[in-house]
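J.: The residues making up each chain are set out below.
There are 2 protein chains.
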Amino acid sequence: MTSTAVRSRRDGLSEAATHRLSLLLRVLGGLEAVGVDTISSAGLAERLGGNAAQIRKDLAHLGEFGVRGVGYRVADLKARLGAILGLDRVRVVVIVGAGHLGQALADSKNFNGDSFRVGALFDVDGRKVGGRSRTGIPIRHAEALRESVSELGAEIGVVAVPPENAAGAALSLAQAGVRGILNFAPTVVGPFAGTTVKNVDLTLSLETLAVQLAPAAG
Amino acid sequence: MTSTAVRSRRDGLSEAATHRLSLLLRVLGGLEAVGVDTISSAGLAERLGGNAAQIRKDLAHLGEFGVRGVGYRVADLKARLGAILGLDRVRVVVIVGAGHLGQALADSKNFNGDSFRVGALFDVDGRKVGGRSRTGIPIRHAEALRESVSELGAEIGVVAVPPENAAGAALSLAQAGVRGILNFAPTVVGPFAGTTVKNVDLTLSLETLAVQLAPAAG
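Those sequence lines, one after another, are chains D and Y.
Start counting the first sequence at 1; every next residue gets the next number (the working numbering).
Start counting the second sequence at 1; every next residue gets the next number (the working numbering).
Calculated from the structure, these hints are not laboratory results.
Do not rely on the hints blindly, as some may be mistaken.
Pairs count within a copy or across copies, as identical chains cannot be separated in the list.
What the hints assert, rightly or not - The calculated lysine-lysine pairs, modelled on BS3-like cross-linking and capped at a C-alpha distance of 30 Å, are:
id, residue 1, residue 2
1, Lys78, Lys109
2, Lys57, Lys78
3, Lys57, Lys198
4, Lys198, Lys128
I would like the entire structure built from these sequences, with the hints used as guidance.
T.: Listed below in structure tokens is the structure:
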């Protein structure tokens, strides 16, 4: 598939479908690791907690059709899905804010795997600048953000500063040339031309859980 | 509305609708704070980035109907929505793991507001136990989890430990009697009878952003 075709297939994906396909990609990685060659849509559905028809529909939308009686080839599907989702190479992430949240993200397996790698943390606190996170990610001065983004080839910036500093941090990242910003501060930032912003609202996960709580015993 | 009626209305809500209503509740709080008395579904849609018909549909499902030419009464709708979502009182949260992530969550505004308050952190590291987070949340020994959950009346437990310890931490929380668990470790935990589990997958937010990245300039 040419890169133009990959992009056009990706553009038609809803956020919900992207979520499902990201999870599916991870399941496929697990299957490959244990030596599974082919799997049915029902087998995938079981591992994903979804339904087989939805999976067939998502994949058919991407031009992937299972073979009746055989299913999908795990390695092929994983490679194609990775390419379509743009997760087939490592993207460098920089994190603004070397407080607890920034350091937690910098050191997490989530942010350092097949598709992402944290290149540096940035802070203005002189006691932190020049140091490293527990796993060795360097902490640089926020003034060095622009040249670092360019030097590291960073495509994604994470905002992990207090809410009152979030707008400034996001603007600096956008001006430094990252293509996407993941904002963890509980305040809206952007929009910026040429930079996609995604707000991660940790309160929402807590609120959704609260609504779904099991009934009290009493 | 009786509490049984509240629960039955809540039970019919999809996760997507719950998300939308949580955001709506926050918008209503902002409107109330600046003295807005009534608002139309179109006005709400503008602030939520959604569409007015969806909002009217969500609210009608809950038995809330705007008045033609007037709209919704902000204070009334906020109170009703808070009751339906179970966010009209403060729930106590405990966090297992006093590393960077646990401390970031314990000190965040997200987890200490009108609906949630962090009661304690738990860890097994003797250098941390007996101390406090930056905002003063006490760090207790993990052995004290069960009695602390009971003493604090904690309803929600957060798993903020490394993936290899997540299953054990979640089991301890379930056995200690929390009604819901928010798991930040990149591994599936549970299910447990009588305890709702929600896995927060930070990789997914990064992957979704990567797929939606603005095209490269070159």
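J.: Confirm or reject each hint.
T.: Right, here's what the structure says about each hint:
no.	hint	in the structure
1	Lys78 - Lys109	within (20 Å within a copy, 39 Å between copies)
2	Lys57 - Lys78	within (17 Å within a copy, 39 Å between copies)
3	Lys57 - Lys198	both (26 Å within a copy, 26 Å between copies)
4	Lys198 - Lys128	within (27 Å within a copy, 34 Å between copies)
Consistency note: the structure conflicts with none of the earlier hints.
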